[in-house]
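Q: Dock chain E against chain A, hints included.
The primary structure of each chain is shown beneath.
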Amino acid sequence: MKVYFRTLKDLPREELFAPGHRMCAGCGAAIAMRWITKTIGPNAIIANATGCVEVTTTPYPETAWMHPYIHVAFENAAAVASGVEAAIKTLKRKGMWDAGDTKVVVIAGDGGTYDIGLQSLSGMLERRHGVLYILYDNEAYMNTGIQRSGSTPKYAWTTTTPVGTAVRGKIQWKKDIMGIVMAHRVPYAATASIAYILDMVNKIKTALEYTEEGPTFLHIYAPCVPGWRYPENKTVEIARLAVETGYFPLYEWDHGKLRLNPPSNNHLDKTKRKPLKEFLKLQGRFAHLTDEEIAELEEELDAYWQYLAKLQTL
Amino acid sequence: MIQIQKTRRVEALTGNYAAAYAVKAADVDVIAVYPITPQTTIVEKLSEFVANGELNAELIHVESEHSALSAVVGASAAGARVFTATSSQGLELAHEILHIASAMRLPIVMAVPTRAISAPISIHNDYSDVMNARDTGWVIYIAASAQEVYDTIIQAYRVAETVNLPVMVAYDGFLISHTVEPVELNNEEEVRRFLPRSVRPYTLNPKRPVTMGPLASPDWYYEFKYQQVLAMKEAYKVVKDVDALYGEKFGRSYGVVETYKMEDAEYAIVTYGGAAFGNAKAAVDIARERGIAAGVVRVRLYRPFPTMDVLKVLEGVKALAVLDRAIMFGSPAEGPLYKDIATAMFMHGVDKPAVNVIHGIGQRTMYVEDMYKIYTMLRENPRKEVVFMGVRV
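Chains as they are written, first to last, in this note's numbering: chain A, 38 to 351; chain E, 706 to 1098.
These aren't lab readings, by the way, just hints derived from the structure by calculation. Treat the numbers as computed from the prediction; the structure is a model and nothing was measured. Errors might be hidden in some of the hints.
Claimed, not checked - In silico EDC-like pairs for lysine to aspartate or glutamate, Cα to Cα no more than 20 Å straight-line:
| # | chain 1 | residue 1 | chain 2 | residue 2 |
| --- | --- | --- | --- | --- |
| 1 | A | Lys-75 | A | Glu-246 |
| 2 | E | Lys-912 | A | Glu-329 |
| 3 | A | Lys-131 | E | Glu-1090 |
| 4 | A | Lys-129 | E | Asp-732 |
| 5 | E | Lys-1044 | E | Glu-1090 |
| 6 | A | Lys-311 | A | Glu-329 |
| 7 | A | Lys-129 | E | Glu-759 |
| 8 | A | Lys-75 | A | Asp-152 |
| 9 | A | Lys-39 | A | Glu-335 |
| 10 | A | Lys-131 | E | Glu-759 |
| 11 | A | Lys-311 | A | Glu-333 |
| 12 | A | Lys-131 | E | Glu-971 |
| 13 | E | Lys-1023 | E | Glu-971 |
| 14 | E | Lys-912 | A | Glu-52 |
| 15 | E | Lys-930 | A | Glu-249 |
| 16 | A | Lys-131 | E | Glu-894 |
| 17 | E | Lys-912 | A | Asp-135 |
| 18 | A | Lys-309 | A | Glu-274 |
| 19 | A | Lys-131 | E | Asp-732 |
| 20 | A | Lys-271 | A | Glu-246 |
| 21 | E | Lys-912 | A | Glu-51 |
| 22 | A | Lys-126 | A | Glu-249 |
| 23 | A | Lys-212 | A | Glu-51 |
| 24 | A | Lys-126 | E | Glu-971 |
Stated by the list, open to error - Covered stretches of chain E (chain A as the covering partner; in silico rule of three or more C-beta atoms under 8 Å from a C-beta of chain A):
| # | segment |
| --- | --- |
| 25 | 730-738 |
| 26 | 753-767 |
| 27 | 917-931 |
| 28 | 953-966 |
Ideal Cβ placement from N, Cα and C applies to all residues, glycine included.
Extracted from the complex, chain A is given alone in its bound form (with noise of 0.2 Å):
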């Protein structure tokens, strides 16, 4: 990542997120909103997937969108961005055109990304538009009331993997988005959490500096209050214990190359990662986790950390 913002000194101050959108209190993805709207800067055309942002963002006649915004269904997002992106360039050639250097955004959730669009997603990446694609994660549809996703970690509580006698919340792992994105071979993929607004931003920058080679894709973390059942005043907190127990790590894959950033590049070494459990216990969709089933989450991190470590010394 190249290093636009040194300090909290050097964050845009200019804010493109308008107040009095209907995002609950204490929501990740407003936060990642308000600083993704700073960071891309005015001239820029966002395209939004359906998802708890847009219901809560565009309440007709009001907008919290600053920028030229496009919502038009849940799986197509990346379609419609593909779209814009290619009538700039041809109006471009034509001299239709007035805006200058405008750059293509998408905003879209863990169901708009992993499940229902994962296909326009892939389409999106394999013709190369020149697009940076936001995906914040929250690990459920959260705007339909919490079921789960192709996201949702195992174990994890929601309305569709309840917690019972037979089965205790959901069964299977979470999905790989970012080694599905990767494998598309795009110049700059990253992840990317709301506890750490400085990596953040200067990824979001990076990787729409970058959408001049080609599609760029950001995997950001936000928790959810209602969803994760924990305060509103511990999102932050909550997002910092995902990177600090090694669950989220924070990395990049810059063209063909993995590099792990502060703090995740400590934790190959498994003494430097608070238990997982310190993640987990603050959060009501994991209350009803047995020591051994945290055992196995904690073996399956392991398991994930020596993929990072491989594709590390790529």
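A: For chain E alone, kept in the frame of chain A given last:
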């Protein structure tokens, strides 16, 4: 020495190639490309135009028809002139976005060489695909020749950009899409003058930010929908005006309904598309030789439905048959056009025998003799129940 001034250029083209030439003449900016039979040769030809530098457009090689329509929605929202084409399953897959494109008032033009719908899978022609999309808020033309496909696509851009509605130009898959006919091509400069680039008031542009596709509460949703109702009513007038203007400029116009020997007809078939109309015309000639005052009406503009024009041409007839090429299962009558015409007649107090005939499903051959039988049936005993013609029962 005699100098022949070459103002007319006639080419031998399939319906699909005619569509591609019209898109080129319209100087389209963004085209979403996805193959499906029998549409594919349109986007193949357009790809050739772009590859040869004859058309300055971005091709988006999407991964599905859902994304094809989504991509042109995005491009159109950003202010580009756009095109895509599909058939059958592709139109079904894109169905969700049909509603959104019209509600977002985007002037998209899409060609649909029509095809039957699975299952069982069939690549052959009927109108099940377009008829499933008939109430999605798109202006829908059904053309009956390669020439008409060419002319209608050019007209479609003018209509779309006047009323801010998407326009579908449908025609018989294979029977028109793959049949070579002489097509007179317009001078492209003149087409571009006919289709001036207008600055749309609302597009995605950082200099004039707008939010498109918001959430509407019960306080607002109905008003959005009612505006679409009004836009369709306006489109009815605009389609006629554009057709007349096109006729003045290029010498060809079609009206919203086309008739054959209807002036003194006592028995009429009302239908759509090239094959049904063509064969019915041949049947009219036979019927007239045999003493039946027969005529045929082709509905060219299907949405908005040209109610008054259809009723007017049917004023003098004693009985009519509506020949449909799609089945709406479980309906009071299975033919979609029949339901439109029955509704129109009822609403305007017209009471005369009207029979629904279904034929040409999955491109079952519609013989001229079949059409002739419809006229004899109308004269002797107009049936009350729907007639499924050409099927083995």
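Q: Please name the hints from earlier in the document that this structure breaks, with their numbers sorted from lowest to highest.
A: 2, 3, 8, 9, 12, 15, 20, 23, 24 and 28
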